[in-house]
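Residue numbers (the numbering used here), protein chains in the order written: chain A, 822 to 993; chain B, 41 to 207; chain C, 19 to 118; chain D, 75 to 527; chain E, 92 to 466.
Read the hints as simulated data drawn from the structure, not as lab findings. Computed from a predicted model, the values in this text were never measured in an experiment. A portion of the hints provided could be inaccurate.
Unchecked claim - Here's a subset of chain C near chain A, in silico, CB distances under 7 Å, partners left out:
id	residue
1	34
2	42
3	53
4	72
5	74
6	77
7	78
8	80
9	82
10	83
11	91
12	96
13	102
Stated by the list, open to error - Think about it this way: if two alpha-carbon atoms lie no more than 30 Å apart in a straight line, the pair counts; the simulated DSBU-like pairs of lysine-lysine are:
id	chain 1	residue 1	chain 2	residue 2
14	E	327	B	92
15	A	825	D	254
16	E	327	B	69
17	E	240	D	116
No residue lacks a Cβ here, since even glycine has one placed at the ideal position from N, Cα and C.
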Amino acid sequence: MLDKVIFFFFAGVAILSAGLMVTRRNAIHSAVFLITTLLATAGIFLQLRAEFIFIAQIILYVGGIMVLFVFVIMLVRLDVALHQIQFSRQKWVALLVTLALAAEVGVMLWSSRNVPGQGFLLPNAVPAGKLPPNTEALAGRLFDAYLLPFEIASVLLLVAMVGAVVMAKKRT
Amino acid sequence: MQIPLDNDLTKRYREQFGAAILDAVEDRKQAYLVIAAAQLAEIAGYSRDVEKFDLLEDYTAVDWPRREKRFDLVAILYSFPHNLRLRLKIPLADGETASSLVEIWPTANWLEREIFDMFGISFSGHPDMKRILLPEEWQGHPLRKDYDILQQDTAWVRENLGIESGQ
Amino acid sequence: MMPIGYYLFLSMALFLIGAIGVITRRNVIVVLMSIELILNAVNINLVAFSRIFGDVAGQVFALFIIADAAAEAVVGLGIIIAFFRNRETVLEDEMDLLKW
Amino acid sequence: MNPTLHAVLVFLETWWVELVSGVVIVAVVPLVAGYIVLVERKLMADMQARLGPMRVGPHGLLQPIADAVKLLIKEDIIPDNADKMVFWMAPVVSMTAALTSMGAIAFGPAFQVARDINVGLLFVIGVSSLGIFGIVLGGWASNSHYSIMGALRSTAQLVSYETAAGLALISGLLLAGTLKIRAIVDAQQHFGVWFVFLAPVAFFIYVVASIAETNRAPFDLPEAESELVAGYMTEYSGFRWALYFLGEYANMIVVGAVATTLFLGGWLRPFPNVRWMNWLDALPALFTAAVGAYCVYRAGKQPVRVQTWFMWGVALACFVVALILAVPLLVAPLKFLVPGLHGAFWFLLKISAYIYLFMWLRFTLPRYRFDQLMHLGWYILIPLAIVNVLAVGVAMILEMEYGWNRWLAMLLTTVITLATALFLLRLNDKRAAAASSAAPPPEEPSTEDSYAG
Amino acid sequence: MQDDAAQNQTLLGADELVLNMGPQHPSTHGVLRVKLKLDGERVRGTECVIGYLHRGVEKIAENRSYQQFAPYVDRMDYVAAVSNGLGYCEAVEKLLNVEAPPRAKVIRTIMTELQRIASHLVWLGTHALDIGALTPLFYCLREREEILKIFEKYCGARLTTHAFRIGGLQYEAYDSFEKDVERFCKDFERRIQEYVDLLTGNSIWIGRTRNVGVLSAEDCIALGASGPVLRASGVKWDLRKAQPYAAYDQYNFQIPVGTNGDTYDRYMVRMEEMRQSRLICLQAIENIPAGPILGKVGKVLKPPAGEIYHSIEAPKGILGYYIVSDGTTQPYRVRIRPPSFINLQALDKMARGHLVADVVAIIGTLDIVLGEVDR
């Protein structure tokens, strides 16, 4: 019962603010709504017992990337871009395509609804009690099975940092 | 109290500039030279470089309305090496411009702007010749003797408040 | 733990809204934000399935996606600043010259 | 009884402790923050040979309430072309970030809202870092030139010092081995010594970084009165401004709590495991009793009758608290209460000591310039923090693998870190000397000479 | 302010941003407006807009008698009123060829040196406050209070004292004058140590003041900067030694000199000056000569026609009086050489290339008082 309440609250907030994010004219407003979406999805991660991803989402996504976005929006004076039209001409084509996609996935989800095992022949979820403590398990898996991807990710971040600094440097 | 002065300083000035040195006087043991406005720049340069008066302590003016050459520019020089003070007085007629001393003593910049603000004497060669203390749109120059202290007030009151100032 | 269908539906919805954002918006910054939204939608799926199987691999992958999203946002914004400094605009349509 | 009512009862039955603690935090913290402001003003006055607020209530004790009422009824002005929604939201974000991060802090073994999040400490840091948005959006929304400059500066400062604080905490967490707040304090109990003695440099870096993170003392540049008038808070007035202010002080409590939990042994009394130091258990009760006695002594001297009554009231409150702390010690059946109550006392004592340090620095040190501040952050603090993390790691391995004595390993690594610190400082001085000896910026021949001196 | 903000394009844009500091600004020591031409944070140029406090003192002087004008002089540099009064009284005495009696000269010296300490204390407090140190201000005000008590006991006023008269003094030194001054000087030694502990060794203070607002000796002399600003740039010159007035020739004291003329050197020079003033006071109260306190000056002063220029070493710099008399009881022209006005001119050369926060420190170190700048 509690799960249902929490899930529908967070899902509702996420979808609503995502929709608002896309339609706002002012970039700062859309940034603020994106932050609410990210926080709502973080809530869903918490509900899925994924604490580390929950906190990683808050620190990295909201505390890191979104601060960057807001910083750039403030630096790039937007009153210049504001009164230019925000939506491109092929708006209706895009809506049409996404509606078709939505209908297709919806029908597939809906038709499989009453097949036993939620339609995907999946085992029932592991009861919450037997889940290993999240951070320790994640750390264990990350640093033995996925050590190489971890190193590659760090190299990727380094490349991104150097690239950004070179890109944004004032041509003096 | 004013006795003509004739010491080696004035001799050097006279032999250097001759007629430009109109008068050399000592008043209450303080010497001052009256010089012609034309040679102001050279005399000032000479005083700083040769006579070592490296500090222009003060630069102001005095208004003598009844005299034909109405204003007296007064430059007070001080020499650090000799610990000596000298005053240069430059008589100027109304409307006549003096050559600016900003190149010789940069401190003259604001001092000349204040003289212009208060007396209306403008200086040729000054980088930024405009009023310094009073607002730009101020009419008249307060420190002139003929500047009535109420004149500005009545004009302003009539213009802004639309009534006659009762003073 | 809700049945998996709900999570799939939620992530699909977010993905579609992100796609609409990418396609319809002319302001590059909002396009970048929509891409972040899409990556986030993918994360929901990963974590949901990781929760069902009780295996942490999904969450590790989600962590890598967050790292990648960060790298992508940093470089994207770098380009935008460099571009804005020269052309005074952030609208996609005006970014049509390969060399200016 | 219909199912929803039943469900609500079940919900309340399992979560009542968390709910009560949550309500206490949201209600008590603004009051406590108000009184911290009063203590700060009184302390500043005392250090500056003056009296501080004396007018409202005896010795100014009702000053925070007066401030709150004033701020409530003050007209709050919204600048004309300000961004209404974001302008309203910014202070709220900054305040909620500070309060939610308090949810995970354990004020004593008993009082904790989010009971066992296993990312405890990370939650506190993550949520309190959301406070940046409050400042950035506040600066942006008020649309005045000064506040945008203030907002940009404080964002840069917060982001760079958060990195340093994070690294300092990592070296503390290495020792603790876990993120759960209760487990960290238990680890310190198990070690028998506070982590501040094992990783002193980490503690020092965290103190400096946390001062910068809460925009205080030598780093309070964003609202440096002299240049930017009030930084991002310029356009705010009335209760909105109070929200920002309370957010800053709540943030100070959060930062103090994190430092206490990780480095100063949370709710452990000094020398937790030493048997013959057990008399320290009596200290909390004696301390509050002493404060009560002092109030009684001062009560007689109050000029106004109301103030004497008030002092008697304060003295009574102190004695009651002292009683609560002392009784469980003596009465056997109440023994189980001792860790909870005394833990809370020690925790609050350490936080107040930490905040006293903040205030002390604010009264004595002048303010850094912005480039010096960023220079200190990036060139000295962050490299030092990284080296410290490596050093603590090496110390841990030396101790575990090679069986070195723990103290020896820690001493060795601290010495290494301090050596790198000196090297960094010398490098910095050389660089600064080189920069300043280069001729002052060349006099470019500006064409319009209107600025000629 | 709005028109300036409109000029600047974007924070990223290259062209300059004109930031307006003042006239209502917490750290401009009065009504001074400085228009800063900024390139990002760097100051490219400054333009001072002054005159908000202009009261036309020199015009008033032409309609007042010599004695009536004396109180106006205190209102110019209201932080160091006693030295203004001393300058004016000595100038008029020179005009009258009258000499103040020795007892008056010694008391005048003591009062002027006390006023110098008080003026430097106000400077130190506000300068430290601008750079962020909150505490020194209250320590300085506490000491200054002692000095103001002495002034109040002597002449009834604390700030604009009008303590001296042309020809000598109006009031005899009250009986515990020597004791008060001695108690203050004894106590002041320990107090200065408190400021030194708070600021001199403080690395943040050194960081904020070392190499900020550097002014070389040649620039100082060229720009006419005088007083502590000149001495901090390495010129060992003090009017009290070069052309002694009042009773300064009877006491020995050193002239503090700085080396590279930055804000830190000016701070050290002014601190040392406070110590020297304290020594002068101690030497002076040992033997205040007995005798009359007012010279042979009649009720109505009619100085013979002529002009004189007399300058003294005020706390801010050289304070000069050029008085022209035409034989009547009212001066024909009184010109006051304001040290703050001329020192402020050096702000533009000192502030170039620095950050906005430094401009605040530089205005503080120039120790300007707007009453004197605008007159």
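Do the hints match the structure? See the list:
Hint on residue 34(C) holds. Least Cβ distance to chain A is approximately 5 Å, under the 7 Å limit. Residue-level restraint check for residue 42(C) holds (minimum Cβ-Cβ distance to chain A is 5 Å; threshold 7 Å). At a threshold of 7 Å, the smallest CB-CB gap from residue 53(C) to chain A is about 11 Å, leaving the interface hint violated. Among the interface hints, the one on residue 72(C) holds; its C-beta lies about 3 Å from the nearest C-beta in chain A, closer than the 7 Å criterion.
Interface hint status for residue 74(C): upheld, as the beta-carbon distance to the closest one in chain A is roughly 5 Å, under 7 Å. This hint holds: residue 77(C) has a C-beta 5 Å from the nearest C-beta of chain A, less than the 7 Å allowed. With a cut of 7 Å, the hint placing residue 78(C) at the interface with chain A holds, because the nearest CB-to-CB distance is about 5 Å. The beta carbon of residue 80(C) is positioned within 7 Å of a beta carbon in chain A (closest approach about 5 Å), and the interface hint is therefore held.
Checking residue 82(C) against chain A: minimum C-beta separation of about 6 Å stays under 7 Å; hint holds. With its C-beta approaching chain A no nearer than about 10 Å, residue 83(C) sits outside the 7 Å limit, and its interface hint is violated. The interface hint given for residue 91(C) is met, as the beta carbon of that residue sits about 5 Å from the closest beta carbon of chain A, less than 7 Å. With its C-beta approaching chain A no nearer than about 3 Å, residue 96(C) sits inside the 7 Å limit, and its interface hint holds.
With a cut of 7 Å, the hint placing residue 102(C) at the interface with chain A holds, because the nearest CB-to-CB distance is about 5 Å. At roughly 17 Å between alpha-carbon atoms, residue 327(E) and residue 92(B) fall within 30 Å of each other, so this suggested pair holds. With a C-alpha separation of about 27 Å, the suggested pairing of residue 825(A) with residue 254(D) holds against the 30 Å cut-off. Between residue 327(E) and residue 69(B) the alpha-carbon distance is near 26 Å, which keeps this suggested pair within the 30 Å criterion.
At roughly 27 Å between alpha-carbon atoms, residue 240(E) and residue 116(D) fall within 30 Å of each other, so this suggested pair holds.
The structure fails to meet hints 3, 10 from the earlier list, while all remaining hints are met.
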